[in-house]
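Number of protein chains: 2
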Amino acid sequence: MPAEQPDDPTGPVERELDAIVIGAGPAGEVAAGKLAGGGLEVALIERHLVGGECSYYACMPSKALLRPAEILHEARRVAGAAQAVRGELDVPAVLARRDEVIHHRDDSAQLPWLEERSIELLRGHARIVGERAVRVGDTLLRARRAIVLATGSVAAIPPVPGLREAAPWTNREATTAEQIPGSLLILGGGVVGVEMASAYASLGAHVTLVEAAQRLIGGEEPWVSELVAQALRERGVRLLLGAKAAAVKRADADGPIAMTLEDATELQSDELLVATGRRPLSDDLGLETVGIDPGGYVHVDSQLRAGGHDWLYVVGDLNGKALLTHMGKHQARSAAAAILGHPLETSPAGEVVPRVIFTDPQVAAVGHTLASAREAGLQVREARVSLQANAGSTYVGHDADGCVSILVDEQRRVIVGASFVGVEVAEGLHAATVAIVAQVPLALLAQAVPSFPVRTEFWLGLLEEAGRA
Amino acid sequence: MPAEQPDDPTGPVERELDAIVIGAGPAGEVAAGKLAGGGLEVALIERHLVGGECSYYACMPSKALLRPAEILHEARRVAGAAQAVRGELDVPAVLARRDEVIHHRDDSAQLPWLEERSIELLRGHARIVGERAVRVGDTLLRARRAIVLATGSVAAIPPVPGLREAAPWTNREATTAEQIPGSLLILGGGVVGVEMASAYASLGAHVTLVEAAQRLIGGEEPWVSELVAQALRERGVRLLLGAKAAAVKRADADGPIAMTLEDATELQSDELLVATGRRPLSDDLGLETVGIDPGGYVHVDSQLRAGGHDWLYVVGDLNGKALLTHMGKHQARSAAAAILGHPLETSPAGEVVPRVIFTDPQVAAVGHTLASAREAGLQVREARVSLQANAGSTYVGHDADGCVSILVDEQRRVIVGASFVGVEVAEGLHAATVAIVAQVPLALLAQAVPSFPVRTEFWLGLLEEAGRA
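Residue numbers (my numbering), protein chains in the order written: chain A, 1 to 469; chain B, 1001 to 1469.
Just chain A, same shape as in the assembly:
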């Protein structure tokens, strides 16, 4: 629905609604949907695509690029099926399917969902212009109850000389590329870096990944990083760890990119993907008009409110709490419930964050790592078991290189963290999340019987290991 035309083209149209949501990514959509479901009159403002970064440039296309290789790899491990796999991954078909998954970057399929909920969509860049007031184009909106900010983040470009001028790829170009470069250099070994390294290696590119730290995905357990590094190396990815970019140069706009590392190593590749972190989209939001410093992540209180205002909520990447679609959506549910006057119950375990990295094998983790638990002052012990000799792992054709762990709070005898590495371990993670959130005592958890022969029987080994205190 287009924004209303002003009666007087020189002045803004003023409108009043119950709630205004800025940013129609997953967090903004969920907030708008919940508020509208609660009977509020809601406006949702988006300047690019309804569905957000996640739907077109992040979660969805990255998984679409990864999945075909993953399942082919798995089928090749299962005799009987393997013999039927006589061809190679069809790269154009992978890219075409990716385009279907992201709806060819056309958001019209998302609009009926908004219309069914009577959410008014306004297209354009929105700025706060004072208490409960937002301007988008020629329209001035006033919110009776609340404004929810959900503008998200974009890839940060680190200040490496020549980098910006070289027009590197960010997650946007990597996830939507129309063809696979012969070689791809990736700067940054976080989630985006390792997923794209895995995807592009399987799609035929020569991939080199440069990471400043001594290991990949530094927020996860060191042994998790090691298993992912090993898998990437086996796929032919060249990993340069503890390596820092000093300069970048692209002589010709269509030509290769050259990168010089601090140790003077020279690297060259057809494309360069920058995946060193995110930058919140807070700099042109009018935050200064309500006393909030623009530019950084917007700090929120435990109710997800910003600047001490009872009408201003910030959800998703923009608040910097956890840059994950599902946490943004969860925050949106919490904020909407609070705005509607029936706040959600909070977990006595605190905010428990699950994370999945869709490399092959996958990483699925939730809650604390050993390092974060100790930093939080918890007395924890790790129980870790291999997925070898797991009946549900072997017959399925999941390779046996996987490993799973739980972290046990020794004083309270509950789980405070879990890390799983293995083929398609993502769906098994939720059991750990429930156990952590509900603080299920280990002795009771042992009464939750995993089915045979399903890989979740690893819980038997984990609890046995945890019991050997």
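Quick caveat, the hints were computed from the structure, so don't treat them as lab data.
Note that the structure is predicted; figures quoted are calculated from it, not measured.
Backbone N, C-alpha and C fix where the C-beta goes; we use that ideal spot for every residue, glycine too.
Treat the hints with caution; some may be incorrect.
[What the hints assert, rightly or not] Ranges of calculated distance between the beta carbons of each label pair, as one might list FRET restraints: (1) Gly1218/B with His309/A: 38 to 48 Å; (2) Ala443/A with Glu1016/B: 30 to 40 Å; (3) Ala443/A with Asp1263/B: 52 to 62 Å.
[Claimed, not checked] A few chain B positions that, by computed beta-carbon distances, are all more than 12 Å from chain A: (4) Leu1017; (5) His1073; (6) His1430.
[What the hints assert, rightly or not] To list a few chain A residues with every Cβ distance to chain B over 12 Å, as calculated: (7) Arg67; (8) Gln83; (9) Arg132; (10) Val160; (11) Gly219; (12) Gly255; (13) Thr325; (14) Leu370.
Guided by the hints, dock chain B onto chain A, whose structure is given.
What follows is chain B alone, placed relative to chain A:
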């Protein structure tokens, strides 16, 4: 390790140990392992194969027969991978892999595990001969502490005229067949029936399944039965529901089998699989010497003890509580802990039984069905959502025909049952099992965030649906 030779060949050798376990299937092995781990001197007696029915004739080979077709089916749904699948399922390779999974029915790979734990293995048929006494061959064993019975079950052959004489297949022949018959008639639409129908249809047999009830897998929700029936029909399986066998005849030992139904329908096939239920192996165990009626399931108390004896435990299929490998192993852990003097905590939710049926799509369920909950006097409501429009379901190539449900106890606002139908839903089941066992309140369960884009996001829909009370 062979049984000791008697000094006097006419009389039994008498031996005394701490514990005697009869039956080396999964339940018996776990019981023996846990008791030995607790420092007891343990004898384990097996007359056929260490590893039991599950390892050679049930769980493992059936899943080995099913998995290659499942993954090929899945790969064909994912463009990019699908193009590489140019051949058909290689049936001899499937059978060869099945033979590897069941170690060619050679149990020597299982023996080191027993040796490492100093468990003495005796081969032969064991009978109780009085209080704490067991005879196997020429050896009379006396147990200082306990005897654990874990002899399991075999396929029951219903009293259909001519059936037994026709030498039908049971699960043993179906799971270990060296070639695929042109046509297979299956009597019984329980778990074995539907799994083998799925397997043999995918391996090229014309399959007809005859079930006396009006639906398949009668212990699950009716909508679950319907989805499985639909999937089998799509694979070309002919389902005859509400159909009762009246007579069976095989004229020639190598020839086809003819079955007449009560409605006079005539069916003919190359082989007939009887899958109408199990019979406990209790008839030749010497139970009568300790005051227990032989022949049926052996009734146990809440401590898994039989006949009012404090030294006689019964675990696994033999006690008839839940004929599932994982429940047998769980009972074994409980019995061993009780024998060792430190009984396990029991779940306030009662015995929560998870079940997985490895058809394609799979069925994973735990706890109550709507029918069993109502029979138990619970006031429950079902929340059910489709797996369509689930982000984690679509990109993975899992078809969207799946459906999931939870049963909410309306008084206590906890989950008491869950049923999932979809491709490879088994690993996601454990989250429901933990929630049921720990009786996690729905409001707290909503704080357990599922990751995006993982199919477990169906929990969001389930909880939303459950919240609309």
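Now the hints, each set against the structure:
no.: 1; hint: Gly1218/B with His309/A: 38 to 48 Å; in the structure: 59 Å, violated
no.: 2; hint: Ala443/A with Glu1016/B: 30 to 40 Å; in the structure: 34 Å, holds
no.: 3; hint: Ala443/A with Asp1263/B: 52 to 62 Å; in the structure: 54 Å, holds
no.: 4; hint: Leu1017; in the structure: 24 Å, holds
no.: 5; hint: His1073; in the structure: 9 Å, violated
no.: 6; hint: His1430; in the structure: 4 Å, violated
no.: 7; hint: Arg67; in the structure: 6 Å, violated
no.: 8; hint: Gln83; in the structure: 4 Å, violated
no.: 9; hint: Arg132; in the structure: 29 Å, holds
no.: 10; hint: Val160; in the structure: 31 Å, holds
no.: 11; hint: Gly219; in the structure: 15 Å, holds
no.: 12; hint: Gly255; in the structure: 29 Å, holds
no.: 13; hint: Thr325; in the structure: 4 Å, violated
no.: 14; hint: Leu370; in the structure: 21 Å, holds
Checked against the numbered hints given earlier, the structure breaks hints 1, 5, 6, 7, 8 and 13 and satisfies all the rest.
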